[in-house]
Each structure stands twice: as structure tokens, then as C-alpha cells.
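Could you put together the complete structure from these sequences and hints?
Line by line, the protein sequences are chains F and L.
Going by the numbering used here, the first sequence opens with residue 58, and the numbers climb by one from there.
Going by the numbering used here, the second sequence opens with residue 163, and the numbers climb by one from there.
Hints may contain errors.
As the list claims (entries may be wrong) - Derived lysine to aspartate or glutamate pairs resembling EDC-like cross-links, with alpha carbons at most 16 Å apart: (1) L:K167 to F:E87; (2) L:K262 to F:E87; (3) L:K274 to L:D246; (4) L:K233 to L:E177.
To be verified - Here are a few chain L residues that sit away from chain F, every Cβ distance over 12 Å (derived from the structure): (5) E177; (6) N184; (7) K218; (8) K230; (9) A232.
Read the hints as simulated data drawn from the structure, not as lab findings.
Ideal Cβ positions, reconstructed from N, Cα and C, are used throughout, including at glycine.
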Amino acid sequence: NAGVTQTPKFQVLKTGQSMTLQCAQDMNHEYMSWYRQDPGMGLRLIHYSVGAGITDQGEVPNGYNVSRSTTEDFPLRLLSAAPSQTSVYFCASSYSIPLGPNYGYTFGSGTRLTVV
Amino acid sequence: DQQVKQNSPSLSVQEGRISILNCDYTNSMFDYFLWYKKYPAEGPTFLISISSIKDKNEDGRFTVFLNKSAKHLSLHIVPSQPGDSAVYFCAASAMGAGGKLIFGQGTELSVKP
Chain F
58 NAGVTQTPKF QVLKTGQSMT LQCAQDMNHE YMSWYRQDPG MGLRLIHYSV GAGITDQGEV
118 PNGYNVSRST TEDFPLRLLS AAPSQTSVYF CASSYSIPLG PNYGYTFGSG TRLTVV
Chain L
163 DQQVKQNSPS LSVQEGRISI LNCDYTNSMF DYFLWYKKYP AEGPTFLISI SSIKDKNEDG
223 RFTVFLNKSA KHLSLHIVPS QPGDSAVYFC AASAMGAGGK LIFGQGTELS VKP
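What follows is the structure, encoded as C-alpha cells:
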């Protein structure tokens, strides 16, 4: 049981380049989210999904796209990378609404992205 | 507009003493609160939670207190151990908000032997 798998673990991009951060979970979780972690800002929600085919914006969605074609995968796309997107990105999943010990989010180990 | 705030970026405590981490929120629609713990180079892991219908939840050395009128919650760790050294995030959710979990900025706890 792999849990939540994020790839790559590290990435350096040039300004203007595009890339996709991959996130996959094998727990049959319906809820998935993407967060970014920045010093002094904590974890900020980028996009989330409550099931295949359903996505919604979080607190900081600009510059990012998501899609949820399967229950297992929730990729995050950067269309034109900017230095302000330098951050650590975490993907998380939950069986149901992430409330409480049985339904709390399980996080991946993160992707450290640097945009130069 | 930070809906969940942890105003103390860091806290240093002696081993064996109590650690108290604080969290404030502004959205009165939040009805479930969680604490996550994060070690460097790892994803956050769930620690303890509390529903808005309660004012206290205890799990071993960890207790979370909720003061709804003040929109304030706190995490107490007693006794603190060096292995508790990590970043602690407070998070909140509302039943009507689907899967949205909003986090605070985090507090870095250092427990010194």
C-alpha cells in the first residue's frame, strides 16, 4: 500500500516553462487536494477535488490547473512557471470529508519546485 | 485574508514541561478543527482533532481545547519530549465546504533535553 505518491521529488524550471506535478493514491480516496508550503505562509490550498470529474479552486489557484479523470490521479499543471511559484507542493487525499482521525487527509512527501 | 492564524512562528520548551500551541480563526462556519505535525522533508501527519460541539479532546499526551466564543483553539502536549520537535499546523474545515481544509501558518516547536 503506497499511500499518496508524488513525483518528481525535486524540480528546477526556467521562467515560462510548463510542467505537471504528479499525484497518485491507491487508497480509493474520493477527496484530493493540492497545497503549497511557503515560509511564514503555512499550507495554502491551491485546488481540490471531491471525486472524479469534479474540481474546485482553493485559496491560491492562479497559475495552476488541475483535472481529475480518475479516482487515483490528481495532476497539478503549471502552464507558465514564474519565480513566485517556487515552493514545496503537497498532494493529499482523504476517503471522505477530511474531518477526524478516520477521514483526515493523508499527505504525500512533497515536491520541491524551484523556478529560476 | 488568513482565516486560520497561528501567530507564534516558534516555541521552545524544556523536555518534560508543557507545550502550548495556539490557533485563532475568523470564519464562524468552521465546525471541525485538526492539528497536523510535520517533520522536515516529510508530509504533514494527522495528530488530533475536535468537533465544534466539544470543547476538549484528549489523546494520550495531546489535548486540544476549543473556545468557540473566542474563536480560539490550543494544543497542549504534556509532557513534552524531544521527538515532539516539529512544525505544528492548525487546520479548519466546514461541513458545507466539501473537501476544503484551511491551514494556519504553522508553529515550529523545539523541545530541548
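Quick rundown of the hints versus the structure:
1. For a cut-off of 16 Å, the pair hint linking L:K167 to F:E87 is broken: about 28 Å separates their Cα positions.
2. A threshold of 16 Å between alpha carbons decides the hint, and for L:K262 with F:E87 the separation of about 13 Å falls inside it, so the pair holds.
3. Between L:K274 and L:D246 the CA atoms are separated by roughly 10 Å; this keeps the pair inside 16 Å, and the hint holds.
4. A threshold of 16 Å between alpha carbons decides the hint, and for L:K233 with L:E177 the separation of about 29 Å lies outside it, so the pair is violated.
5. Distance to chain F confirms L:E177 as a non-interface residue, since its nearest Cβ pair spans about 26 Å, more than 12 Å.
6. For L:N184, the non-interface assignment is confirmed: its Cβ lies about 14 Å from the closest Cβ of chain F, beyond the 12 Å cut-off.
7. At the 12 Å boundary, the C-beta of L:K218 stays outside the reach of chain F, the nearest C-beta of that chain being 15 Å off.
8. No beta-carbon of chain F is positioned within 12 Å of the beta-carbon of L:K230; the least distance is around 16 Å.
9. With a least CB separation of 21 Å from chain F, L:A232 remains clear of the 12 Å interface cut-off, as annotated.
Going through the hint list in order, the structure does not satisfy hints 1 and 4.
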